[in-house]
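*Asks:* The primary structure of each chain is shown beneath.
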Amino acid sequence: MARKDRYQNRIELLQGTLDLLILQTLQWGPRHGYGITQAIKTRTADVLQVDTGSLYPALHRLERSRFIAAEWTVSPNNQRVRVYSLTSTGRQQLLSERSRWDRLSAAIAGVLAPHALEEEP
Amino acid sequence: MNITGWFKRHRDEELDEELQGHQRMAIDDRVDRGEAPDEAAAAARREFGNVGLVREVTRDTWGWGWLERLVRDVRYAFRGLLHNRVYALASIVTLALGIGANTAIFSILDSLLLRALPVRDPARLVLASWGQNTAFTYPLWDEIHRQTEGVGAFAAWSATRFDLARTGQTDMVDGLWVSGEFFDVLGVPAVFGRTVRDGDDRRGGGSDGPVAVISYAFWQRRYGGAVDVVGKTLTLNRVKSPFRIIGVTPPGFFGPVVGRHFDVAIPFGTEPLFAPRRSLLDQRVTWWVTIAARLGPGQTIASLTTAFRAIQPRVRAATLPEGEPSDGSSEYLRRPFSLKSAATGVSSLRARYERPLEVLMIIVVMVLLVACANVANLQLARGEARRHELSVRRALGASRFRLARQLLVESALLSTLGTALGLVVARWGSRLLVSQLSTSVSTAFLDLSFDWRLLGFAAVLSVTTAVLFGTIPALRAARTDANDALRDGRSLLGPGRRIVGHTLVVAQVGLSVGLVVAAGLFVRSFAALATLNLGFDTDRVLAVSVGGRPGTIAPGTLLAIFDRVRESAAAVPGVERASYAAIVPVTGGGSMLDLEVPGAPALSGDNRWVYVNFISPEWFATFGTPVLAGRDFTVRDRAGAPAVVIVNETLARRVFGNRSPLGAPIRVGEVQADIVGVVGDAVYSDLRTPVPPTVYIPIAQEVRQIHHDVSILVRSAHGSPAALTRGVVEAIAKVDPTLLLSVRTVRDQVDAALTRERLVAMLAAFFGVLALLLAAIGIFGVTAYAVHRRHAEIGLRMALGASQAGVVRLMLGRVLLLVGAGLLTGGAASFWASRLVKALLFGIEPRDPVTFAGAALVVAVVGLLAAAVPAWRASRIDPTTVMRSL
Numbered sequence: 001m002a003r004k005d006r007y008q009n010r011i012e013l014l015q016g017t018l019d020l021l022i023l024q025t026l027q028w029g030p031r032h033g034y035g036i037t038q039a040i041k042t043r044t045a046d047v048l049q050v051d052t053g054s055l056y057p058a059l060h061r062l063e064r065s066r067f068i069a070a071e072w073t074v075s076p077n078n079q080r081v082r083v084y085s086l087t088s089t090g091r092q093q094l095l096s097e098r099s100r101w102d103r104l105s106a107a108i109a110g111v112l113a114p115h116a117l118e119e120e121p
Numbered sequence: 001m002n003i004t005g006w007f008k009r010h011r012d013e014e015l016d017e018e019l020q021g022h023q024r025m026a027i028d029d030r031v032d033r034g035e036a037p038d039e040a041a042a043a044a045r046r047e048f049g050n051v052g053l054v055r056e057v058t059r060d061t062w063g064w065g066w067l068e069r070l071v072r073d074v075r076y077a078f079r080g081l082l083h084n085r086v087y088a089l090a091s092i093v094t095l096a097l098g099i100g101a102n103t104a105i106f107s108i109l110d111s112l113l114l115r116a117l118p119v120r121d122p123a124r125l126v127l128a129s130w131g132q133n134t135a136f137t138y139p140l141w142d143e144i145h146r147q148t149e150g151v152g153a154f155a156a157w158s159a160t161r162f163d164l165a166r167t168g169q170t171d172m173v174d175g176l177w178v179s180g181e182f183f184d185v186l187g188v189p190a191v192f193g194r195t196v197r198d199g200d201d202r203r204g205g206g207s208d209g210p211v212a213v214i215s216y217a218f219w220q221r222r223y224g225g226a227v228d229v230v231g232k233t234l235t236l237n238r239v240k241s242p243f244r245i246i247g248v249t250p251p252g253f254f255g256p257v258v259g260r261h262f263d264v265a266i267p268f269g270t271e272p273l274f275a276p277r278r279s280l281l282d283q284r285v286t287w288w289v290t291i292a293a294r295l296g297p298g299q300t301i302a303s304l305t306t307a308f309r310a311i312q313p314r315v316r317a318a319t320l321p322e323g324e325p326s327d328g329s330s331e332y333l334r335r336p337f338s339l340k341s342a343a344t345g346v347s348s349l350r351a352r353y354e355r356p357l358e359v360l361m362i363i364v365v366m367v368l369l370v371a372c373a374n375v376a377n378l379q380l381a382r383g384e385a386r387r388h389e390l391s392v393r394r395a396l397g398a399s400r401f402r403l404a405r406q407l408l409v410e411s412a413l414l415s416t417l418g419t420a421l422g423l424v425v426a427r428w429g430s431r432l433l434v435s436q437l438s439t440s441v442s443t444a445f446l447d448l449s450f451d452w453r454l455l456g457f458a459a460v461l462s463v464t465t466a467v468l469f470g471t472i473p474a475l476r477a478a479r480t481d482a483n484d485a486l487r488d489g490r491s492l493l494g495p496g497r498r499i500v501g502h503t504l505v506v507a508q509v510g511l512s513v514g515l516v517v518a519a520g521l522f523v524r525s526f527a528a529l530a531t532l533n534l535g536f537d538t539d540r541v542l543a544v545s546v547g548g549r550p551g552t553i554a555p556g557t558l559l560a561i562f563d564r565v566r567e568s569a570a571a572v573p574g575v576e577r578a579s580y581a582a583i584v585p586v587t588g589g590g591s592m593l594d595l596e597v598p599g600a601p602a603l604s605g606d607n608r609w610v611y612v613n614f615i616s617p618e619w620f621a622t623f624g625t626p627v628l629a630g631r632d633f634t635v636r637d638r639a640g641a642p643a644v645v646i647v648n649e650t651l652a653r654r655v656f657g658n659r660s661p662l663g664a665p666i667r668v669g670e671v672q673a674d675i676v677g678v679v680g681d682a683v684y685s686d687l688r689t690p691v692p693p694t695v696y697i698p699i700a701q702e703v704r705q706i707h708h709d710v711s712i713l714v715r716s717a718h719g720s721p722a723a724l725t726r727g728v729v730e731a732i733a734k735v736d737p738t739l740l741l742s743v744r745t746v747r748d749q750v751d752a753a754l755t756r757e758r759l760v761a762m763l764a765a766f767f768g769v770l771a772l773l774l775a776a777i778g779i780f781g782v783t784a785y786a787v788h789r790r791h792a793e794i795g796l797r798m799a800l801g802a803s804q805a806g807v808v809r810l811m812l813g814r815v816l817l818l819v820g821a822g823l824l825t826g827g828a829a830s831f832w833a834s835r836l837v838k839a840l841l842f843g844i845e846p847r848d849p850v851t852f853a854g855a856a857l858v859v860a861v862v863g864l865l866a867a868a869v870p871a872w873r874a875s876r877i878d879p880t881t882v883m884r885s886l
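If you read the sequences in order, they're chains A and B.
Using the numbering used here, the first residue of the first sequence is number 1, and each one after it goes up by one.
Using the numbering used here, the first residue of the second sequence is number 1, and each one after it goes up by one.
Among the hints, a few may not be true.
[Stated by the list, open to error] Simulated DEER-style distance windows between Cβ atoms:
hint	chain 1	residue 1	chain 2	residue 2	range
1	B	V500	A	I108	51 to 61 Å
2	A	S85	B	H388	33 to 43 Å
3	B	W66	A	I108	31 to 41 Å
4	B	W66	A	A45	33 to 43 Å
5	B	W66	A	T89	40 to 50 Å
6	A	S75	B	W452	30 to 40 Å
By construction, these hints were calculated from the structure, which means they are not laboratory data.
Note that the Cβ used here is the ideal one computed from N, Cα and C, for glycine as well.
Looking at chain B on its own, in the form it has when it is part of the complex (with noise of 0.2 Å):
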């Protein structure tokens, strides 16, 4: 005990010394008056009163009382507990489950959608788009950044990766392109050297030559926390020229994307270091720039709005990709620049996961609600185990009120430990939740660490759940009557029916019902996904990205190289056959142009744009999609050859209806050639959406195209094509040493793109078990307390010649009431619910009729599993023993 609770007692001994010597001295006095010795203690007993009512009203004086009775209370409940550990421990781990699931959801929910980035006065910050487009070219940004000089403070970013390594397999870290005043904008000081100033943003690097901010993990992670890390060179990319560490970023500044964070920050300026022939900062054309603005002093979203819409017929005219209409009808002039807030960062992982964290959130909170339904239940039956007890205080003097707050405190015990345990499943669940949401392709980084609207979360959860849970049996037990404890505690009826408790196995078994469609739901959009025919194999191809050092290779011999490398991995035992192209699909990586059929009528609008990919003849045969009409590339379709291309079934049927396409000249961007082929849809980059309309380039015709790397596809002759790895790379280093390579599987990657319906899927599917499983106990525990309630009852059933059979009938009866009263509530319910999670569904409707029945029927049959092992038990009484007992 501690210090006040020892404090406390010795008071309460001093106390009854005190009044003990009262009543001593008061006898004393009265022997001395002549009183006989045990007339006077009785006499003076009388005239003191009840002392133990004189104790309690003078140590309320005290002004602890209240405290004293909480922790008496708390200390009976924990004794009660620990006399009950299966109920308590069924009770915790129960809500432990309910409660770790809401904040594990809500933890990720709070830091991808409502945290404020890590800046200064992040509410300031806005993020400039155009439509619903925030993706900007250089040439724009460049024209922006002039223009808005003296109009507000504006900066840019791009993501990306860079590659560490200086020579061998790469070593790749998350990287950032900046902006000069990128750090200043978002109020980011360094807590070493210093940051990218403007003057290190230019074109091949600054005053200071090329040079790099690193973050602060990376300076823990790489450099051990090293103090001489400013100075420092890094290799990026293996350009020739080292970047200079010039300073590192604050703990806790992640970068600017939310559910990404950065190792490196270079300016936008040394791009062309990377890529001398075809800077991206010249490409009109290529998307990839976030632009960012902190409002000044007075101003607003609006007017800050309304001045840079000033700037754009000026920067659009300015940067007008080639080939598009100046004449005002282009898209590109016409979509106006906007601004919204950017106060907590920007995310492609929060539009991706925004609407599953919600459904998901909405989950978990049914199941938190199924597990409340069981612990209540528990209570309640655990209420009617105590009955006696209870009548026994109230006979005994304790108030209704008494006994409510003493099972509310009991209550509030078991959801601060259920919090207390749901707290640490959190903390583990939200983890591999996270490590979940990265792919091979992408790291995923969230700061899941415990803060106050988390922390405030769980304490709200906590009281729900034990005002949800505990009011009733807290009524209950105010309820209970004195005269109970003097009868016997088994009549022959038994006590009341338990409607509540009845009303709680519905509701347990109609949030099941929603939970278990949900899953269904979500289990067989997955399913229609990975099983979706994508037009070519997936499971037999090897992707192999091979890069060339820019500068090392001359423009001219590349082809050469990549034809080289083709060949030799072609050559290793177990490859059926080898291509290369610039485009892997499902990468998200993409090309689009603009077609035009001469002789036919203009495309329209978005027709007008197809997808193109530039290939090496028989890559067609190495992904297995079929060549349905015309022919394959073949290494005569070389430059200077007659230029031609192959069209997917899609665009065929789309441009040439019935016609046949082969033969006709289409133009694709610049590209003026026949159609020789017709090949199968095949997926581009978007699993979800139909095949969009294809061409597919020779790439030997059109090598301006390819940049300073392809693709090599390798295709297994049998099993896995991962295997073939390690001879695949070791022909390819034979070709030349100094090409970097990255290696991956396009099962992995099509399983990537597939990351969030799988997990999806798996949450929905294991809380759909947990809810079945809670319900089943629910059920149980009902039906098992009715048999022993109805003990007497059905004993004297049997001997009246009640079949065994006729028994279990009528146990299953009632429980298959409830069960069904719970399907039509709960079917119901998520028939009309179930619209909600129509976006995130593939290949299945939300109100799909075998779902919804399957549902039903897995759960009445849980249900009725559930109810069996009691019923069976209520079979088995022995009449005989129960007329003995009457």
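The following block holds chain A by itself, in its conformation from the complex (with noise of 0.2 Å):
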């Protein structure tokens, strides 16, 4: 119970941020679940690793939301993987996600570095 406890709090620290990086990567093809994890870290320069106790929660929960589809098929090594595509909804998910998040991190960015502010007027 504990150590659940635990895993749920991160995903709930996490989701939306972690929801935003899913679709982000999806963005540029179909991907499985470690095609996932691996992308975001490449990219992040392994500064992001994404849990799988967080990954696969959040990936079913947007499938439920019709934000990403999942399907079947054979990776180039044979083996029968769960691909996730985004769909249209959840392109425009990710425009409003992306949007918010810029809105947020210009905020966060202001209150970082508060001289910016004053030199305007």
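Two chains, two separate frames, one set of hints: put the complex together.
*Replies:* Now the structure itself:
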């Protein structure tokens, strides 16, 4: 119970961000779960390591919300893999999440650099 | 497994495959980068984390986690119950009996007291009454009908029975007299044809002649639902003019009287066809009509009552019976008309059974509590047996909540299964009960179909019982310590004392005492009534109601015919003697007249009224009622001879005190006569009240009082009079084959009058025994468990020299303490509660010490017997075996 709680807390903490990262990653084409972790890892130069205990619940939740669709395909080395792809609603979701993220990060940046605001007038 | 189950399993497999794929790819990547395969696998696993946990949190996002867990718990509980079949069966049957008894009594209560009449907008129906009385005379109804035109929608009815046979043996069905607007006011349309209208309710039949409306049930039963039933004719009570069927009422409509149903309804106006000489429609002292009204738009009970009372003086004045003083002193004029809600209809059955049903409801709730205590005890015992399992599960990481939930699910499963079985028990039981309510005199009918209220009641019972017996074991399970699993199950002293279990036993014993006391009181009441000295022999007399067909016998010859019938009946072998009378005791029929003793001070108010019966000679001898003074009537006491009467002891004492009433002149109604005899008191109609003052008048001197029928009473020389039936009927038929006969023994009649008491006594005894049995099982269980728990201790004691008798004493001592505590609390509670049943008792005080002592003794003996077996087993424990196992 206790350990499960810890995972759930982290999912909640990362929820919005992880969803955004997944959607963003899928924008360049369908990927399976392992592929997504690898892509995020590479892009962030190993800074962000996506926990599987957060990734799979997030994937299944996004699938339930119909932002992504899942399909079983056969990988190049002949393995059956579940591949996720972005749906059209998922694309819209990505846009709105992105703009929200942009506003959020701009706001946070503003807080972190107060002199920039003071210079303006 | 069902489709969702299959679907879910499929998804589980897919998720597994997905996660395995993830790991495989991670390993492959690492191997590609040059890591050793086994190192790569270990690293990938480390990186991935706990597979089971990932799977679980992912599955949680599917949104049916709770449902899945519930299904899992239910399946687990099912498996658990299957493994402990005896335990499961005992619990389910116990609950089924408790819940079934409750549902059965409630279904009768529901249909008799709560359910609305099956008519349009029953909440707007009101019932007319005056004082406590809801019966009116027909002239009163006629007048009310006329005067309320434009005031409100009034209707009237009267329940009766009709004979459908054209010749030979009677064929009785339940009938209804109705006024012309009856069906309109109640809002009952015809499913076929039409209902009675105002134009049909005319004296001697309306424009369409005598008409009849039949009920749906009768239509199905008698005509097989034939659509051409409209236009067919019925012969009622062998009246010459046939009644034409004009319509059929809807299936749900059983009539306006709850507890009865009707087959044939005919307009009041046709009554003179049945009794042309003495129509009930003209009788100002025959109270047989029930009046109801429907509130119009905007009308309230209060406003209609005001309007109704406004017409009362005119109505009363127009219908004043002969002999009633018109100066306003008469009750007849003074008691105000009133209206009360009739949404649930009217019912004599209700009046008689309302209180017993309420008491029975309390009794069955107590039985259910005993049952719950039993199941809780069983669960506690099982919980102890499962301690090890539960603590292992705790040690493996199950939360307290998880364990409690598991046990609650198990309780819910038990109570659901118990309720399902209980509904079957209830359906069967309530039907059996209602059939017991029917007597040879009247058929009881109640709509016992399951409705939402009943199913809701059963559901509430189910949940309540589950909470009652499931909470304590669940809380205990939640307290289970994970460390227990590491210790050996049985220490020398065993786990702590079972205070909860003991409390349950005390409660069970207490409730059982209450139920046994109730059973004792009701059984002894019934016994007192059944063995009551009625003042006449009940076992030797056969009553044959003999009726002449209307219009076939000239009034002047009636007496001669009845005399010949009596003679022929008396001549049948095995008949000791025969007589006849207008009224048979205990049938409920009766006649009251006012009494006046010339020369004595006028009798006041209610004392003025005495019961009368019109009898032939030898009537007292037939019934075995002793003539205490003076003489019996003889054949010489005929019309024209000096008028004579016989009075009973109560009347003689009350009116004449110590003086001899013999020879005293009295006036009863219109009869002026001298008293020639005094007879012993004999019950007139009600067994429960003291014998009323009664006057017996020779039937030969008051032929006017005979309508068409009398009852021939036949006394058997020895043995049951029922055996005489055939001979007597044949003998009477030889006198006149057109006579209508209906035969019943006086014993049956008395039994019918005791239906209520017998039923309550039977049920109370049944539930008392059931509670005792359950309590015995509970005590047995607790003692057996104590023996099991203290196994090592007892072995040690015996090894140290305790005797077998000492061990038995040790085990019984504790039980005695529990039973004693139960007896005290239960006895005190019943002592307080017994006054609630006072109204239902006869010849016994609610706090009858013998009943209380007897109940305590019975419960104590049963408790000790239940404890004796495990206590004896404790004394057989072999100390050497115990010492070796320590």
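*Asks:* All hints are to be evaluated individually against the structure, with a verdict given for each.
*Replies:* Consistency of the hints with the structure:
The hint said 51 to 61 Å for the Cβ distance between V500 of chain B and I108 of chain A, and at roughly 59 Å that hint holds. The supplied range of 33 to 43 Å is broken by S85 of chain A and H388 of chain B, whose beta-carbon atoms lie about 52 Å from each other. Between W66 of chain B and I108 of chain A, the C-beta spacing of about 38 Å keeps the proposed range 31 to 41 Å intact. At roughly 41 Å, the beta-carbon separation of W66 of chain B and A45 of chain A lies within the given 33 to 43 Å, and the hint holds.
Take W66 of chain B and T89 of chain A: their Cβ atoms lie about 27 Å apart, and the range 40 to 50 Å is violated. Against the hinted window of 30 to 40 Å, the Cβ-Cβ separation of S75 of chain A and W452 of chain B comes to about 58 Å, which falls outside the hint.
Consistency with the previously given hints fails for numbers 2, 5, 6, ordered from lowest to highest.
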